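> Using the sequences and the accompanying hints, generate a full structural model.
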Amino acid sequence: MFSLELSEEQRMIQDTAKSFAAEQLRPRAHECDEKGALPEDLLASAWELGLVSAVVPEELGGGGMKRSAVTGAIMLEELAWGDLALALAMVAPALFAYPILTQGTDQQKKKYLPLLLESKPAPLTAAVIEPVINFDLSELTCQAKKKGAGYLLSGKKCLVPMGSTAQSFLVYAAVDGKPGYENVGGFIVERGQKGLKIGERERNMGLAALDTVGLELAEVEVGGDAVLAGGPSCDFGKLMSYSRVALGALAIGVARAAQEYALEYAKVRVAFGEPIAHRQAISFMIADDYMEIESGRLLTWEAAFLLDAGKDAFKEAYLAKLYTDQVVIKVTDDAVQTLGGHGYIREHPVELWLRNGRGFTTFDGLATV
Amino acid sequence: MFSLELSEEQRMIQDTAKSFAAEQLRPRAHECDEKGALPEDLLASAWELGLVSAVVPEELGGGGMKRSAVTGAIMLEELAWGDLALALAMVAPALFAYPILTQGTDQQKKKYLPLLLESKPAPLTAAVIEPVINFDLSELTCQAKKKGAGYLLSGKKCLVPMGSTAQSFLVYAAVDGKPGYENVGGFIVERGQKGLKIGERERNMGLAALDTVGLELAEVEVGGDAVLAGGPSCDFGKLMSYSRVALGALAIGVARAAQEYALEYAKVRVAFGEPIAHRQAISFMIADDYMEIESGRLLTWEAAFLLDAGKDAFKEAYLAKLYTDQVVIKVTDDAVQTLGGHGYIREHPVELWLRNGRGFTTFDGLATV
Amino acid sequence: MISFEVPAGVANVSKLVHGLAMGVMRKWARWADDHEHERCEEWVNTMWSLSKGGMMGSMTGGLSRKKKEDKPKEEGEKKKEVRYQNLIMAAAVEELSWGDAGLYLAMPFMGLGGAAVAAAGTEAQREKFLKRFTTADKPVWGAMAITEPGAGSDTAAISATAELDPKTKEWILNGEKIFVTQGKSSVEDSEGFVVAWASRDRKAGRAGIKSFVVEHHTPGMKVTKVEHKLGIRASDTASIVFEDCRVPYENVLGDPEVKEGFKGAMATFDATRPMVAASAIGIGRAALERCQELYEKNGGKLRYGINPNRLTSAERDLMMMESQVRVSRLLTWKAAWMADAGIHNNLEASVSKAKTGKAITWVTNKAVELLGPVGYSKQELLEKWLRDAKINDIFEGTGQINTLVVARRIFGLGSKELR
Amino acid sequence: MISFEVPAGVANVSKLVHGLAMGVMRKWARWADDHEHERCEEWVNTMWSLSKGGMMGSMTGGLSRKKKEDKPKEEGEKKKEVRYQNLIMAAAVEELSWGDAGLYLAMPFMGLGGAAVAAAGTEAQREKFLKRFTTADKPVWGAMAITEPGAGSDTAAISATAELDPKTKEWILNGEKIFVTQGKSSVEDSEGFVVAWASRDRKAGRAGIKSFVVEHHTPGMKVTKVEHKLGIRASDTASIVFEDCRVPYENVLGDPEVKEGFKGAMATFDATRPMVAASAIGIGRAALERCQELYEKNGGKLRYGINPNRLTSAERDLMMMESQVRVSRLLTWKAAWMADAGIHNNLEASVSKAKTGKAITWVTNKAVELLGPVGYSKQELLEKWLRDAKINDIFEGTGQINTLVVARRIFGLGSKELR
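Protein chains in written order, with the numbering used here: chain A, 1 to 369; chain B, 1001 to 1369; chain C, 2001 to 2419; chain D, 3001 to 3419.
It is possible that some hints are incorrect.
Claimed, not checked - Simulated crosslink set (SDA-like; lysine to any residue; CA at most 20 Å straight-line):
hint : chain 1 : residue 1 : chain 2 : residue 2
1    : A       : Lys311    : C       : Ser2003
2    : A       : Lys120    : A       : Gly50
3    : C       : Lys2416   : C       : Ser2003
4    : D       : Lys3225   : A       : Pro349
By construction, these hints were calculated from the structure, which means they are not laboratory data.
The structure displayed is predicted, hence computed values, not measured ones.
Below you can see the structure in the form of structure tokens.
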């Protein structure tokens, strides 16, 4: 029944993520951003937390933990509070593995899920976003044409996380050129396959520390066994609802980081003889941000709860993402504004959060819970 | 060259309108609203100012003043500051007469324009708005079908100002059912014509003091000589640009009334030991409103200036109206908020301005300059 | 464990009250708006018969009872099942306001005055003052009188006084109260009462402020004005003047001594603010639903899932309206649930009120805007909902006051630093 | 008479500078963003040759000259033809920032420091300090140093000190300045100068604050840091420390005595704030135009004139972006025109800055949002424009500070009441 109290397990996972974020991520986020890289050791220690791999079924050697979107949302908020790039890098393998877990064939599960149990991050990722204006999940320009028992994939993708080193890509494409979520298929493409060109590391406003690449697919041939759910299409709407919940939680994490930082700054920064927190123009703005963060979190959690309860939640997850997209834009801008000139320089993290936060309206499919 | 200084003439007209608004309108606005009527004497004295009729050409016995949208905007802002219902009542005859002035045939001019010179408000008005959802000027549901030399008009109109007593109505309709501004025609319909049903006085959220009615037209037959510009269509885009400028100015007038009232209230209302103006949550909100009013006014004036310069200004007038529509909504809400409980009771005028202000998004074609 | 499952008790009340709202309230909504200062007999009588049947009591008793039941738990003690009284109340208020916010406020009911008695009164006071709401022959109202011409949000500035007559042991009240919801109904039109805030000792500031139950028709008390309002016109909003109005000693609520009485009074806001939010949500939902209905009737579709930039402007507005209603409800339910679970909810109560007041004002404005002439006309209720909704950003603490509470709490600043 | 006709002088400058912006600035924009702390030689040399040719002087001299020419007019005197120097400058700044806001700030130019000399300096000081900007062999920069680690918007809190050595008649400066635009270029990389604000008498508060011209490479002055920034990376933003830095007596600007020096210093904001707004407008227009272009290339149309609720969400956003850019320009032109016409524009200068800073931040954010992956990628300049634009809501007074100025003016309240 209605409650907003975390379960023991949720609290444990939250604590784990929170500590890791505070101790490992936050102190290194600036350096990672400036260098444009997440060091191997950081990725490895993040992976060792086992936050992504716990859901591998027991029969495949995993912990068999029940997958929970709510718990995932709680975890991702904390990680994104630490650093968004790392949080996205951590869940990149899940972008491949979780759809296999829920919709994959037995053969696909056996082949790929055990990779999550390795000590190093599994070299798996997914390709959803396309480098076009008005990119729309219901009208993918990447196409899959039937050929024999399999498909020929053609099109372009971008913002593929950890794509430079990934071995296997779950590529989403419109089957036979038909629009609509219901006609989207997931196709497993292996690095080195003929027709697959993996682009240079991308350069974006934010996420500099995260390895993202573009893909060009020129009639890449995919066998029938490499089609998610046995094909032709999969339950893409459900996959995207999980993604939206994840992105909502990540956006809230970034926003919360910014709001808390601005709040602390306002308490100590003195102007005109008093801390600027004493001015309503500052404190009301931050109070408003606090309320918007609460709002976005509850919307996201509710959508997550519905997914966990086996509901469709397509609308709820969509609305939650629309909402949190705007929350993170507002709050990170307000944080820079609160710090004034100090917010504009890269010594303080708020400008990084602003840059990262500007991507959420674009990040469809870039994370999952 | 660029200047925001009023000309002598503009200043004179502004002063006239301002005094009338302060002395005649503001003190009686509440009573008019509660009673749902504009007293005859008020209408008559407003008409006597000659603000609408000055443009009647000399050859028809008028003053032959050059029509200026800028001057009109200045005047309407002042009148609306006094009372929107009266301002709209005052310009209602212009809704009929000005299109005749600029686009009418000689015969139409001779027949109708001298009515403006009478001592009582000319019983002329226009019918633009339709009682439908998604009402769109470019897709009027009121239709004009060719019949002989004239047309048969069918459809519904609403928010026809001063319609209960008007003798002649300029009714806009889509000619032969074609969409687009370019296919809208203006048709003169006289009270009592067969097929014309003039509805009961309307009841709306605001504008209670203004007489507005709905019209039902069932194959009302209009002769060829009663078609604006000789027909079939007129320059409806231009007419609507003038209307948008007028509505922009009226919206700014209402908003300014509210902003000034809230400002004065905040200076004297004491809470927690000081005037509430000393709190940034209040004073910044009102400062912001001041800036938005300035913004809306300049956008409106620029569009008006372009019209006066003979430019199309279709886009500029449209954008100005879009902008001012939102300004008046925000500012009047803020004013009620500033007064708190006192803003919610009808003793103070802010709630009236809020109600009137909510209509601007709907008032297409309800005024002109 | 985090759960958004609606408790059965809540769902039942929602359903029950929704029927009432649909069946009785909606049909009188426009009439009541048009007939300010008149009583809607069918509504009052329906609600009175239900109150006497215990329905209102079961809905509203909870708000007051929780304080006693939710004493600090001993460590290790198995947590008691949460009883959701506040949540049930929020659900009921939402539905009533979905029906009509003015009629909701005008229903014969103990109101905030009764709630204060229930919360701060002794057993004897409860017995004496509250019994009437389930036993009287005719409808009865209760009211709360706090605001004064010179004291709105700044309740510490209250200038009404209560002097103790040592001879008769009576309180002598003097002062003027305004914006008393159902004030006239409570003290002139029924055998109800008003709870008036007054100061025993103006030098003591907040600590001197006490609340006094003043029975209907008490000599020296006079309703001097009933306001004409923007919205919620079905409800009477009265000015009440006290001139040497004598009240029995035992009618003071809580400790009559001058010491920290004020904090307790302010704490009732933690219970009432989420209810004001719930009322706003009911109105907002009514507007949203009607708007969606008309939009869809008119051939519009809501294409959830596509690139938001490709939605129509109306579609996007409708979705944002929907989100705002949902968000408002979630925040309100959080605050109510915390009260039910015995968790201090001062911050969350103000969050729910501040956010909801603003959000629903926006929602109802958008609804009118989206429907154009149809929205602006009195043929639909949309324009009325806009007017009704606005009060929720004003009474029980304006949006600004509630934001101030939120800011003070999250910054950990007092009223001297963050003013 | 009200007129929105663009004066020919303004139109000419716009056209001229637009060519420069298109031809030189745009091609280096991304490079300059990627190579923070490096000088873009082609740009600097191009602008230097133009400065020496007098172009920059003709553009910028106006800002300073207006004060002398626009002495209060005698009644009845025929009004002089307005010369539009401020408007011309605003137009130039808009175009330069349309090209690239970072490069605009980095151009060899007397900058705010030079403007202060021009506005507050004597004829001899102007001759001595400003001549170099048209005559030097190599590019020269001027800078203004106001902000300190502990004094941002609160310029009265400046703690840098200027002590007069009675023996040598030199000023001895001590203190740390931060956020000095083109600080390094002015005092280390060229034969320029910085105008530093320091207090002669900290007890005197604002009245004790004076500004001092400190020549490049003056001993005791050191650039201690060059910031890494969110945007406008082509421009250097330096920290400068003064340690017993000796400056000739005649380098003080304005009256060296302690009396009301501050108000004059603040008044320069009335001239500079509209120019900051103009810079924001240039960026916003660049983003708007590119966004419209890509939207239309992609098959989108802008259907002005239809019911706004029927527009697509992107269409409506684009129209609102367009309105915001237009509004910002109109407000800015108003403030600039008032300066040109000799009308006190303190309120309007702050209005233009406050509104524009916020409006253009929103516009550039929307542009990135509307274009999705294309907007977020560095392959387009949109993401850069977003980063560049934000500074305009911060420097020369944050949005909050400018709103405070507006509020104080319209309420007629002083800094003690409205803090």
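> Each hint: holds or not?
Status of the hints after comparison with the structure:
no.	hint	result
1	A:Lys311 / C:Ser2003	14 Å, holds
2	A:Lys120 / A:Gly50	11 Å, holds
3	C:Lys2416 / C:Ser2003	39 Å, violated
4	D:Lys3225 / A:Pro349	18 Å, holds
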